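Please build the complex by placing chain B on the supplied structure of chain A, with the hints as guidance.
Protein chains: 2
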Amino acid sequence: MKKLIIASTSTLHGGAYLEYLLPTLEVHFKDCKSLLFVPYARPGGISHDDYTKRVAETFATINISVKGLHEFDNPEQAVADAEAIFTGGGNTFLLVTQLYQNNVMTAIKKAVENGTPYLGSSAGSNITGLTMQTTNDMPIIYPPSFNTLGLVPFNLNPHYLDPIEGSTHMGETRETRINEFHKINPQPVLGLREGSWLEVHGDKITLKGDLQARLFRQGKEAEELETGTDLSDLK
Amino acid sequence: MKKLIIASTSTLHGGAYLEYLLPTLEVHFKDCKSLLFVPYARPGGISHDDYTKRVAETFATINISVKGLHEFDNPEQAVADAEAIFTGGGNTFLLVTQLYQNNVMTAIKKAVENGTPYLGSSAGSNITGLTMQTTNDMPIIYPPSFNTLGLVPFNLNPHYLDPIEGSTHMGETRETRINEFHKINPQPVLGLREGSWLEVHGDKITLKGDLQARLFRQGKEAEELETGTDLSDLK
Numbered sequence: 017m018k019k020l021i022i023a024s025t026s027t028l029h030g031g032a033y034l035e036y037l038l039p040t041l042e043v044h045f046k047d048c049k050s051l052l053f054v055p056y057a058r059p060g061g062i063s064h065d066d067y068t069k070r071v072a073e074t075f076a077t078i079n080i081s082v083k084g085l086h087e088f089d090n091p092e093q094a095v096a097d098a099e100a101i102f103t104g105g106g107n108t109f110l111l112v113t114q115l116y117q118n119n120v121m122t123a124i125k126k127a128v129e130n131g132t133p134y135l136g137s138s139a140g141s142n143i144t145g146l147t148m149q150t151t152n153d154m155p156i157i158y159p160p161s162f163n164t165l166g167l168v169p170f171n172l173n174p175h176y177l178d179p180i181e182g183s184t185h186m187g188e189t190r191e192t193r194i195n196e197f198h199k200i201n202p203q204p205v206l207g208l209r210e211g212s213w214l215e216v217h218g219d220k221i222t223l224k225g226d227l228q229a230r231l232f233r234q235g236k237e238a239e240e241l242e243t244g245t246d247l248s249d250l251k
Numbered sequence: 017m018k019k020l021i022i023a024s025t026s027t028l029h030g031g032a033y034l035e036y037l038l039p040t041l042e043v044h045f046k047d048c049k050s051l052l053f054v055p056y057a058r059p060g061g062i063s064h065d066d067y068t069k070r071v072a073e074t075f076a077t078i079n080i081s082v083k084g085l086h087e088f089d090n091p092e093q094a095v096a097d098a099e100a101i102f103t104g105g106g107n108t109f110l111l112v113t114q115l116y117q118n119n120v121m122t123a124i125k126k127a128v129e130n131g132t133p134y135l136g137s138s139a140g141s142n143i144t145g146l147t148m149q150t151t152n153d154m155p156i157i158y159p160p161s162f163n164t165l166g167l168v169p170f171n172l173n174p175h176y177l178d179p180i181e182g183s184t185h186m187g188e189t190r191e192t193r194i195n196e197f198h199k200i201n202p203q204p205v206l207g208l209r210e211g212s213w214l215e216v217h218g219d220k221i222t223l224k225g226d227l228q229a230r231l232f233r234q235g236k237e238a239e240e241l242e243t244g245t246d247l248s249d250l251k
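Protein chains in written order, with this note's numbering: chain A, 17 to 251; chain B, 17 to 251.
Bound-form chain A, shown alone (with noise of 0.2 Å):
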C-alpha cells in the first residue's frame, strides 16, 4: 500500500528542520530503523554530505538512522533495497536531472508503490506530481524531461505564497504564473502553504496541517481547501 507524506516545506519560520513533522514522522516511519535520504536538490548548493548529515541529526532524535543514496555504488538497487525514502528540497531542475542521470526515477516510483515509506519536502514534493511543471525554482540544470513521478494524480505547488497586499513589483504573482500554466496544460495544481501536507494511504489522499491549501484547476476559479479534506478523487 502506498504510504507518503508531501509537505510544501521541511521547516517553519523560526522552527527547526522538520520540528512540526516529526510527531507525524515518527507514526509514518514506525516499522522502520534505517532510511534513505534523496541528497540531489542541494538547497544553497550544500554538498550531498553535508545535507545528509543535517538530516540524519534530525532522525536521529527518533532513532531512524540515514545514509544519503549518492553513497551507494548502485543507486538503483538501494532504492529498492530502502526500509524507507526521503526527497529533501533544494532546486527541483537539479533534483531532476540527477534522478534521470542515476536512473533512479522508475526504482522509485516501483518501491513507493510496493509500499516503501515516502516522505517529501518541498522540491521532494514537487516530484510526487504528474510533472515538475509547477516548480518555483529556477532552471539551473536541463533535464532530459519535466515528468516525475506521477505518485498522485495531479501537479504541487510547495511553498505556496498568496499575492503579498500593497505590493508594487509588476513580477507575476504564484497564482498568475499557475493560471498560465493551466493554459496549455489540464492537471489540476495543488497549493501547499508552508505548514500544510498531504497523507497518501493507499488511494486515499488527505489535507493535513492546521492550514488551507488552494486548488487550481483548468478552466475553473481557484478554491480553497480546509484541512482535513479528501483528495482522493482529484485528477
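By construction, these hints were calculated from the structure, which means they are not laboratory data. Just so you know, these numbers come straight off a predicted model, no measurement behind them. Any given hint might turn out to be false.
For identical chains, the list gives no copy identity; a pair is met inside one copy or between any two copies.
[Said to hold, decoys possible] Pairs of lysine-lysine, DSS-like flavour, derived with a Cα cap of 27 Å:
| hint | residue 1 | residue 2 |
| --- | --- | --- |
| 1 | K199 | K19 |
| 2 | K199 | K83 |
| 3 | K236 | K126 |
| 4 | K224 | K49 |
| 5 | K199 | K251 |
| 6 | K69 | K199 |
| 7 | K220 | K49 |
Okay, now just chain B, sitting in the frame of chain A:
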C-alpha cells in the same frame, strides 16, 4: 552595429505599458516606421492577436506600425525583413519553445547582430543573455534547449527582487536562487530591478534608468552597480 534596449519590465507600478521607456524608444527606433512584435511569451495566457494589438496601440503614439510575428507564413523571413524587433514579456519557457519551433532563434540573433534595432522586456530581455536559466518563470512547457540569443555575454535576471524584510516565507530568495545557479554555471548574472535597462550599442553595454543593478559572479560577493556603469567588459 548591434543596438538593443534590454528592459527589466514593460510596465512600472502605476504607469502605462512601456510609458517610462517611450522617450528612450523614440530615439532607439528613430529610423524605423514599422516594428515586428514577438508575442510568443503570452503573459497571463493572452492571445497573440490581443497582445500584438496592445503593443500596436502603444507604438502608434510614436508613429511606428506593429505587426505580430504570428501573422507571417514564413517567420524566419519576417525576422530577416524586419526594420525593428520587439520581444514582449510573459512566460520565458513558452517564448523559447516557440522561438525554436518556428525556427527564428538564429534568425533573430543574426538580424540583431547585423544592426536591426531590438527591444526586449522581461522574458524578451531574458533571451538576450547566454541562456534562459535565470528566469523567474514557471516551466509550463519543455523547451528544446535553455540556450538563448547570447547577444550579451552573460545572463539576465529581470524583475530583480530584493529579499523582503521581515518575511517569514521559507522559499528561496532571488539571491539564493542565483547563488544555486552559480554552483554549476560560470557566467555572470545581472539582476535588473524594475525601471532599469541595458543599452547596447555595438560592443558598448551601459546600465540605464534611475536604479542600481545587482551583479552576481561565480565565487564572488554580489555587488551593486550604479546607473551609467559601463558593462562592456562583463563576461
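Hint check:
Taking the closest pair of Cα atoms, K199 and K19 never come within 27 Å of each other, the shortest separation being 32 Å inside a single copy and 34 Å across copies. In this assembly of identical chains, K199 and K83 lie within 27 Å of each other by CA distance solely across copies; the values are 24 Å between and 41 Å within a copy. When the C-alpha separation of K236 and K126 is checked against a cutoff of 27 Å, the pair qualifies neither within a copy, at 33 Å, nor between copies, at 43 Å. When the C-alpha separation of K224 and K49 is checked against a cutoff of 27 Å, the pair qualifies only within one copy, where the shortest distance is 25 Å, while the shortest distance between copies is 59 Å.
With identical chains, the CA atoms of K199 and K251 are at most 27 Å apart within one copy only, with a shortest distance of 17 Å there and 37 Å across copies. For the identical chains of this complex, K69 and K199 are inter-copy neighbours only, at 20 Å across copies versus 42 Å inside a copy, given an alpha-carbon limit of 27 Å. For a Cα distance limit of 27 Å, the shortest separation of K220 from K49 inside one copy, 25 Å, qualifies, whereas the shortest one across copies, 62 Å, does not.
Checked against the numbered hints above, the structure violates hints 1 and 3; every other hint is satisfied.
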